[in-house]
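Student: Here is how the chains run, residue by residue.
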Amino acid sequence: MRRLIPAIAAGALLLAACSSGSSDSGGTSSAAPESSAATSAAPAPGDTCGSTIDEIAAKAKEEGQVNLIALPDTWANYRGIIDSFVEKYGIQAPVMNPDASSADELTAVETLRGQPDMPEVLDIGPSFVQQAKDAGYLESYKPLVWDEIPESLKGEDGTWVGAYYGVLAIATNATIQPNVPKSWADLKKPEYEGQVTINGDPREAGAAFAAVVAAALANGGSYDDIMPGIEYFAELKKLGNLQTIDVTEAAVLSGEVPIALDWTYNFPGLKPALDEAGFDFQVIVPSDGVYGGYYAQSVVTEAPHPCAARLWLNHLVSDEGALGYLEGGAIPARYAALLDKGLITPEVAANLPSAETIAAISFPTQEQVDKAKALITEQWGPMVADQ
Amino acid sequence: MRRRFDTATLAVALPFLAFVGLFLFVPTIGLAIKALTPGGSFGFTSLQRALEGSYRTAFVNSIALAVTSAVIGGVIGLLLALSLRSMQRPRWLRSTTDSWSAVASQLGGIPLAFAFIAAIGTQGIITKMLGLVGVDITESGFSLSEFWGLVVVYLYFQIPLMFLVMMPAVGGLRQTWAEAASIMGASPSRYWRSVGLPLLLPSFLGGLLLLFVNSFAAYATAYVLNPGAQIVPLLVRFLLQGNVITGEQDLAYAIILWTITLLLASLLFIAVLQRRTARWSST
Amino acid sequence: MKVLRAVFLVLLGLFFFIPLLAMARFAFQSVPVVLLTPEKLLEGWSVSGLIEVFGSPEFQKAAFISLQLMLLAIAITLVLLLPVAALVEIRAPQLRTAMAAITLLPWVVPPIALVVGVAATFRNTVPWFLASPYSLVPFYVLWALPFSYRAIDAGLRSIGARTLYEAARVMGASTFTIIVRVIVPNMIGAIIAASVLTAALVLGEFAFAALLLKETLPTFMAEFQRSEPRAGMALALAVMLLTALIIWIGVRALRKRGMDLQAAGV
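Chains as they are written, first to last, in numbering that gives the first Met the number 0: chain A, 0 to 386; chain B, 0 to 282; chain C, 0 to 265.
I should point out that these hints are in silico values taken from the structure, not numbers from a laboratory.
Careful: at least some of the hints might be erroneous.
Covered by chain C, per the in silico footprint, the following chain A stretches (three or more residues, Cβ under 8 Å) [what the hints assert, rightly or not]:
1) 343–349
2) 375–382
BS3-like, lysine-lysine: derived pairs with alpha carbons at most 30 Å apart [to be verified]:
3) Lys236(A) / Lys181(A)
4) Lys270(A) / Lys188(A)
5) Lys87(A) / Lys236(A)
6) Lys237(A) / Lys372(A)
7) Lys60(C) / Lys60(A)
8) Lys87(A) / Lys270(A)
9) Lys340(A) / Lys372(A)
10) Lys127(B) / Lys87(A)
11) Lys60(C) / Lys127(B)
12) Lys270(A) / Lys181(A)
13) Lys87(A) / Lys372(A)
14) Lys236(A) / Lys270(A)
15) Lys127(B) / Lys237(A)
16) Lys141(A) / Lys58(A)
17) Lys141(A) / Lys372(A)
18) Lys188(A) / Lys340(A)
19) Lys60(A) / Lys181(A)
20) Lys60(C) / Lys270(A)
21) Lys141(A) / Lys127(B)
22) Lys127(B) / Lys187(A)
23) Lys236(A) / Lys60(A)
24) Lys340(A) / Lys187(A)
25) Lys370(A) / Lys340(A)
26) Lys39(C) / Lys270(A)
27) Lys60(A) / Lys141(A)
28) Lys87(A) / Lys58(A)
29) Lys270(A) / Lys340(A)
30) Lys370(A) / Lys187(A)
31) Lys87(A) / Lys60(C)
32) Lys370(A) / Lys127(B)
33) Lys127(B) / Lys188(A)
34) Lys187(A) / Lys141(A)
35) Lys141(A) / Lys188(A)
Here are some chain C residues pointing at chain B (derived, C-beta under 10 Å) [said to hold, decoys possible]:
36) Ala23
37) Ala26
38) Ser29
39) Val33
40) Lys39
We put the CB at the ideal spot given by N, CA and C, even for glycine.
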């Protein structure tokens, strides 16, 4: 018994050293060389899926299923988009771990590599695209309507597409707080004490990060300098206006978070329940700081159902996918194309911010995002969380 | 006796050791290696960074939260075990508490946090009821998102856990001893001071350790009440499972390594205390 | 003294009961607190959301998987732990601290670190293992270790397993006989405690299931809570109460046969 434990420990050490050397769910370089060679040398299997939507759909039908991840039902109306996909093409589209974070998605791909239920299409925050690329997870595949997607919403090498984006908005429960704030400056007023909430922590949640950047834009900062945003929230906390309860659906529904800062597309899904409760909910894009954020969709390499995965990506950027996003209050990538086709009717645009707001949206570059990330990681704790 | 470590012993111990080796040691050693090799080469920079600035605050906060909820929860749990032990009636009370404790000790995350929000949050039903009588909870500065709010919510699973830990020990206190003590003229408090509590102390200390570790690891509940709370499990989550920060896995593993070290230190501390207080236990 | 005890128990009962009541009120009444007036007290109550979800096939499937995982986790916990705990208690008490450390470690290493580490090993050896829903069982057994080992160890100590063992050996019994016919029957209480906690744990565990992309009862409930907050809370309450009820029935049945959750005390 005495000698057994050291033996097992030694064995474990050996195993751990071997396995940790071979991979990481992150950016270590050991995985990169072989995978980038794989994607550039061998022809991607998806090229044989077809060049028209019908060809792809036929091959996909044979595969029968596409594994999705991290798509909550009430997020940008993904429930509706998935339902329309399943109905139109007759393919199963199960969503695993809908609450998965971007990091969780990459972990899942790594854990289930080569298994039949590996996630096949990712929906990740922009800051994770590089890491996913380095790890060799992103297939280079351009959907059929590639040319109609704006430059800022796609990766040139075809590794990702930003199928939808939203704007950071102030959602107010007007029943509890009749004086609806309309701008970042408004939120500092004393009547909103203990009511303003961001969705998560900016070091972890995309919507919270967006709130800080948007606040920076409204207070003299820019994508290159988001310190004013951090200072803004530090002040908000000092004033006592910032509440730190998480913006969960239950908290919104109970009225615990009267003013929530979140993506526009996170509220339409909750509307029926809010109406039933008798709450008057108003979602307003702040007039002084407009920040648009997108999520990147990519087909995963070595997918068990490659054609179905490509079909799903095409569906997201198609007209049906776009209309699905619109219903959820998100702006589809091909908004301009749909506008030209006359598909943006008033009913469809009901959940959207105004056309001027949409025109004013711009996205930060990868370097700007990285810089902002570093600043928040360093300063949010001491300046806001600790106060 | 030494020669008894034969194949039979090995056969018995092997499944457990293999299991623990594969599912616990390998990942732990793996992460220790990653913590000690930041950016691919051996070094202590990650370990150093893990103790600076926000991370140091997080450790302090987590320890404070863990100790507070462990001690308060521990004492109340012990009192609960003692109270129920001597009660024969009502008969349903024992089994109800036993079964409810098993479930309550595992509660956490949104249901638990929201139960408290629904009760004593700013829009809580109790808050409203108290408001009708003129008592304003929010004025007092109490907030579920702050330290004491977290402690109160953590107690919901700490107390049952301690109760479950103490039950076997409390049950081992023979009623006959208490009777013998009183026959010999000892007051109840004398009995407790000299017999009861010393006998319970080792298990109590072990339970405290369990509660301490449990609270240190709990994050789902804290996340709902305050996603930005400066505590260790949340910071690790930011680094390993978030939507914003990338490329900081080594730092996260360094934080975990420090947490493991802290645990082992606490364990040794408690083990020493236990040995010194175990006077009449069956070893 | 008795009065103090009664007051203490009542206060504690309120502490545990009131949040649940508040949760139930939110779950079953659609009128929010801020709009609640004495006239509206009886308005907006309904259990339809809860009944609907009980009938949904995803819920039933998830619940079934969780039940299977629960039974497997209990079985493997007992099979793994009883021999080792008995071994340490009877033959190697000096290893007690080491065992305490080993069994406490699972709660210190976050699930993400465990999953990533284990995945790395399995990918190179048995990659299909992690794709099966039963791959959660070892993680659950691991997660239950801090408590299950402690419960079984406490049980062994309080029945004086060492003395029992040596006495039985002197009388000529084999080790196997001793374990099966002497030790285990006396430890039913501790075994039940360990099993019951493992059961409650499996039915509430979310982190591993989410990381490994499995659909269990807790993951189903988490997603359901996002799309239907009130019905989701109702479901959480229902699952809590059902779990407690099942445990209650089991504990009562054993108490009737004189087997207590605590060690034999006069």
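Student: Take the hints in turn and mark each one as holding or not.
Tutor: Against the structure, the hints:
Under the rule that three or more residues need a Cβ within less than 8 Å of chain C, the assignment of the region 343–349 of chain A is violated, with 0 such residues. For the region 375–382 of chain A, the stated coverage by chain C is violated: 0 residues have a C-beta nearer than 8 Å to a C-beta of that chain, whereas at least 3 were required. Under the criterion of a C-alpha separation no larger than 30 Å, the hint pairing Lys236(A) with Lys181(A) is consistent with the structure, at around 19 Å. At most 30 Å may separate the alpha-carbon atoms for a hinted pair to count; Lys270(A) and Lys188(A) meet this at roughly 27 Å.
Pair hint Lys87(A) plus Lys236(A) does not hold up; C-alpha atoms about 49 Å apart against a cutoff of 30 Å. Between Lys237(A) and Lys372(A) the alpha-carbon distance is near 23 Å, which keeps this suggested pair within the 30 Å criterion. Between the alpha carbons of Lys60(C) and Lys60(A) the distance comes to roughly 25 Å, so the proposed pair stays at or under 30 Å and holds. Only pairs whose Cα atoms come within 30 Å are accepted, and Lys87(A) paired with Lys270(A) is accepted, the gap being roughly 27 Å.
As the CA atoms of Lys340(A) and Lys372(A) are separated by approximately 38 Å, the hinted pair breaks the 30 Å bound. The hinted pair formed by Lys127(B) and Lys87(A) fails the criterion: a straight-line CA distance of about 50 Å is larger than 30 Å. Taking the CA atoms of Lys60(C) and Lys127(B), the gap is near 40 Å; set against the 30 Å cutoff, the hint is violated. Annotation: proposed proximity of Lys270(A) to Lys181(A) holds, straight-line Cα distance about 20 Å (limit 30 Å).
With a C-alpha separation of about 40 Å, the suggested pair Lys87(A) and Lys372(A) falls outside the 30 Å cut-off, and the hint is violated. Taken as a hint, the Lys236(A) and Lys270(A) pair is honoured in the structure, with Cα atoms around 29 Å apart against an allowance of 30 Å. Between Lys127(B) and Lys237(A), the direct Cα distance comes to roughly 26 Å. Compliance with the 30 Å bound is thereby established for this hinted pair. Restraint check for Lys141(A) and Lys58(A): satisfied, since their Cα atoms lie roughly 17 Å apart, inside the 30 Å limit.
Pair hint Lys141(A) plus Lys372(A) holds up; C-alpha atoms about 29 Å apart against a cutoff of 30 Å. Distance restraint check for Lys188(A) and Lys340(A): the Cα-Cα separation of roughly 44 Å exceeds the 30 Å cut-off, and the hinted pair is therefore not satisfied. For the suggested pair Lys60(A) and Lys181(A), the alpha carbons sit about 48 Å apart, so the restraint of at most 30 Å is broken. About 29 Å separates the Cα atoms of Lys60(C) and Lys270(A), which keeps this hinted pair within 30 Å; it holds.
Taking the CA atoms of Lys141(A) and Lys127(B), the gap is near 56 Å; set against the 30 Å cutoff, the hint is violated. Distance hint between Lys127(B) and Lys187(A) is fulfilled; the C-alpha atoms sit about 26 Å from each other, no more than 30 Å. Of the supplied pair hints, the one linking Lys236(A) and Lys60(A) is violated, its CA atoms being roughly 53 Å apart against a limit of 30 Å. For the given pair, Lys340(A) sits about 42 Å from Lys187(A) by alpha-carbon distance, which is inconsistent with the 30 Å threshold.
With a CA separation close to 39 Å, the supplied pair Lys370(A) and Lys340(A) exceeds the 30 Å bound. For the given pair, Lys39(C) sits about 22 Å from Lys270(A) by alpha-carbon distance, which is consistent with the 30 Å threshold. Annotation: proposed proximity of Lys60(A) to Lys141(A) holds, straight-line Cα distance about 20 Å (limit 30 Å). At roughly 14 Å between alpha-carbon atoms, Lys87(A) and Lys58(A) fall within 30 Å of each other, so this suggested pair holds.
Between the alpha carbons of Lys270(A) and Lys340(A) the distance comes to roughly 29 Å, so the proposed pair stays at or under 30 Å and holds. In summary, the hint linking Lys370(A) to Lys187(A) is supported, as the alpha carbons are separated by about 27 Å, within the 30 Å threshold. For the suggested pair Lys87(A) and Lys60(C), the alpha carbons sit about 26 Å apart, so the restraint of at most 30 Å is met. In summary, the hint linking Lys370(A) to Lys127(B) is not supported, as the alpha carbons are separated by about 45 Å, beyond the 30 Å threshold.
Note on Lys127(B) and Lys188(A): the hinted pairing holds, with a Cα-Cα distance of about 25 Å set against a maximum of 30 Å. Of the supplied pair hints, the one linking Lys187(A) and Lys141(A) is violated, its CA atoms being roughly 45 Å apart against a limit of 30 Å. The suggested pairing of Lys141(A) with Lys188(A) is violated, with an alpha-carbon distance near 48 Å, which exceeds 30 Å. The criterion of a C-beta within 10 Å of any C-beta in chain B is met by Ala23(C), whose closest approach is roughly 9 Å, and the hint holds.
This hint holds: Ala26(C) has a C-beta 9 Å from the nearest C-beta of chain B, less than the 10 Å allowed. Hint on Ser29(C) is violated. Least Cβ distance to chain B is approximately 14 Å, over the 10 Å limit. With a least beta-carbon distance of about 6 Å to chain B, the hint placing Val33(C) at the interface is held under the 10 Å criterion. A least Cβ separation of about 12 Å between Lys39(C) and chain B goes past the 10 Å threshold, and the interface hint is therefore violated.
The structure fails hints 1, 2, 5, 9, 10, 11, 13, 18, 19, 21, 23, 24, 25, 32, 34, 35, 38, 40 (numbered hints given earlier, in ascending order).
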